[in-house]
Amino acid sequence: MTRSGKLTLGPLLFHWPADRRRDFYFRIADEANVDCVYLGEVVCSKREPFFDPHLDAVLARLEAAGKQVVRSTLALMILDREVAAVRALAESGALIEANDVASLQELSGRPHVIGPYINVFNEGAHDFLVARGAVRIVLPVEITARGVGVLAGRSVETEMLVFGRQPLSVAMRCYHARAHGLSKDACQFVCGQDPDGLAADTIDGQGLLSVNGTQTLSNGYLVLLHDLAALRGMGVTHFRLSPQDLDMVAVARIHRSVLDGEVLPAEAAAALRGLTRATPWQNGFVHGREGLAWSDTALVPA
Amino acid sequence: MSLELVCPAGTPAALRAAIDAGADTVYCGYRDTTNARNYPGLNFDRDEMADGIAYAHRRGRKVLVAVNTFPYAGDPAPWHRAIDHAASADADAVILADIGVLDYATTRHPGLRRHLSVQASASNELSIAFYRDRFDVRRVVLPRVLSVEQIAALVRRIGIETEVFAFGSVGPMSEGRCFLSSYITGLSPTSEGACAPASHVSYREDGDAMLSCLGSVTLNRFQRGEPAAYPTPCKGRYVTNGCASYLFEEPVALNAIDILGDLKAAGVTALKIEGRQRGRAYVTEVVGSFRRAIDALERGDAAVANTLASVAEGSRETHGAYKKGWR
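If you read the sequences in order, they're chains A and B. Per my numbering, residue 503 is the first one in the first sequence, and the count goes up by one each step. Per my numbering, residue 39 is the first one in the second sequence, and the count goes up by one each step.
Hints in this document: simulated from the structure, not taken from any laboratory. Beta carbons are placed, not taken as given, at the ideal position from N, Cα and C, and that holds for glycine. One or more hints might be untrue.
Said to hold, decoys possible - Just some of the chain B residues that point at chain A, by a computed CB distance under 8 Å:
#1 F108
#2 P109
#3 Y110
#4 Y142
#5 E163
#6 A167
#7 P210
#8 Y221
#9 R275
#10 R316
Isolated chain A (complex conformation):
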C-alpha cells in the first residue's frame, strides 16, 4: 500500500445513459489516478439491465489499467430477483462490496468489503464482521472523527467517503417518481433526467436535499480535502470519491496531489471550487456537527 493512502471511485449512484456510463468508466480506466473502482447499481434494480451489455468491456478495461475492481450491491433488497442477483454475484467469486446485510449471508468466510450502507459504528460490529471475512470497511457517512479514531487502523483497511453528495437515506419508495406524479412501478425512468440528482429545496428556498430515485442525498458535496492528512493519521487507508456530474478525473488528480503532499489543501480547494461551481460544500458529520454544516477548522492530525 502507498504510504499516503489509496484513492477509490465509489459506485456511480445516478442513472446515466448506458453509453455515457461506459464512456465514463473507460476514461476513468485510461486517465484517472485512482487505485480502486467500485462498480454496480446501488440504488434501484430497475436500472441494472441498461448497463449489462457494457459490463464486461468496462470490467476488462478497468482491470487492464491495473485498477482493483469491487462489485457493489444494492443498498436495499426486497424483491426475489434482487436477492437472486446478489447470490449469483457472490458465487462468481468477484470481490464484493456488501451494502445490504443480505449479501453477508452469502459472503461470510470469504473476503469482502463492507459498504457504507451497512452500519458499522462501533468496535463490536467492526470486529464481528472482520472475523467473518470483511477485509475493508467503508464507514457510514454519519461517522464522527471520534468514531474514525477508534475504528480506523483497528485491523483491516478502512475507507471513508471524502467527496460527493452524502447518501442520507434509502427507501422502498421512489421519490423521483413521486416528484413527477408517477409510481415506482411505472416510473418512466425519470431519474435519468437528473444526472447529478434532483434538487429538493425547503419551502423558503433553501437548498437542502438531492433526490436520486429511492435515495436521498445531500444538496451539497462532502469535501474533506482539509482533513485528509488527519484522517490518514487516524488510520484511514482508502479515500472514496463519489462520481458526480463533473470532471472526476480532475477531482481525482486534486485529491491525489493532496494525499501525496504535493499541493496544500487550500490550493487544492481553489482548484476543486472551480469544478464544483455553485454547489455548497459540507463536512459537518466528521466534525461532530450537522451533516449539512461546513467547518473551516481542519481536524487535528492524530
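Guided by the hints, dock chain B onto chain A, whose structure is given.
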C-alpha cells in the same frame, strides 16, 4: 394462535395502561441513548423496568426491552449494561439492531430471547437469515416497506416469528440508516435515539400560516387547522421542479386494523402498535380497539368499527406499503 398484540410504553403508567387495556406484550426502553425513542420525560429507570416487568408477569403478559440504537465507537458500555439489566430483571426478550450489541447479547446472555429491531432494516430473506443464523434471533420486526403478499412469502421461508406494524407513523425510509435528522440537527437518531429531537423543533407564525422548523431548516408551512405531522424530515414539504409537495410521505398514520385477517393469513405472529412517545390515553384507546378487533377475528365476527381516526397522526389513515400502489 391468536395474533399477539405488542404495545408501546413510554412510561410506567403507559405500561400499566397497556396491560390493563389488553396488551399481550409491552415493549419499552431505558431512559438513555440505548433505545430509539430517547425523548425527554420518557422511558424507564432500572427500578421502574423491574417493577414493570413484574406487573406484566403477575398478569401473565410479557415485556420486551428495546436496546435498539447503535453504540458509538469507544463506548459500548451503556448498551451492555442495558442488556445485563434486562436479563437480570427477567425481560421476556430484548429488541436489538446493532451487530455488536447482538453479538454481546448472544455471547453473554444466550438464554435471553432476542428479537431483531426494525432499526436493523432486515427486509429480505437473506438479511433475516443472517441475523437468525448468527445470533439465534427468534423474531424479526419487519420494516414498514413490505406488502402483505411479500410478508406471506417471507414468513414461509425464514422459519422465525414476524412482528409487523399495525398502527402508528409511516416510516418511508429504510430505518436505522436514515441520516436526515442528524444531517439537519447534528444529533444522531441511530446512536442517540431521537429523530427530530424536541430541543431542535420550533414553530413560528408566518402571516396566516404556521411554519415548523427543525434546527435552521423550515420543514413545513401549513394553515391553521390543516393536518400536519410532527416535523421529522421525512414528513416535510419540499420544492422540486418549482412545486412544493410532501415529497417523502403525506401526514398520515398507518392503520391496519381492517386488514388483520390478511396479516394473520400471511402468517404474521405479532402486531406492533407504534407510539412510545404518545400518552396513556392514546395507549388505552389504541390498545383497546386492537384487542377488540383481534378477539372479534378469533371469534369469526365481522370486523369491528374503526374508531381510531381521532388519534391517528394528521388524522388521516393509510395502509402504507401493505397495499400495492404505495411505492
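Checked hints:
Taking 8 Å as the C-beta contact cut-off toward chain A, the hint placing F108 of chain B at the interface holds, the least distance being around 4 Å. Residue-level restraint check for P109 of chain B holds (minimum Cβ-Cβ distance to chain A is 4 Å; threshold 8 Å). Annotation: interface hint on Y110 of chain B holds; nearest CB of chain A at approximately 6 Å, less than 8 Å. Restraint check, Y142 of chain B versus chain A: the minimum CB separation of about 6 Å is within 8 Å; hint holds.
Given the 8 Å rule on beta carbons, the hint for E163 of chain B holds: about 6 Å separates it from the nearest Cβ of chain A. For A167 of chain B, the shortest C-beta to C-beta distance to chain A is roughly 5 Å, which falls under 8 Å, so the interface hint holds. The interface hint given for P210 of chain B is met, as the beta carbon of that residue sits about 5 Å from the closest beta carbon of chain A, less than 8 Å. For Y221 of chain B, the suggested interface contact is upheld, since its CB lies about 4 Å from the closest CB of chain A, less than 8 Å.
For R275 of chain B, the suggested interface contact is upheld, since its CB lies about 5 Å from the closest CB of chain A, less than 8 Å. The restraint placing R316 of chain B at the interface with chain A is violated, with a minimum CB-CB distance near 24 Å, outside the 8 Å limit.
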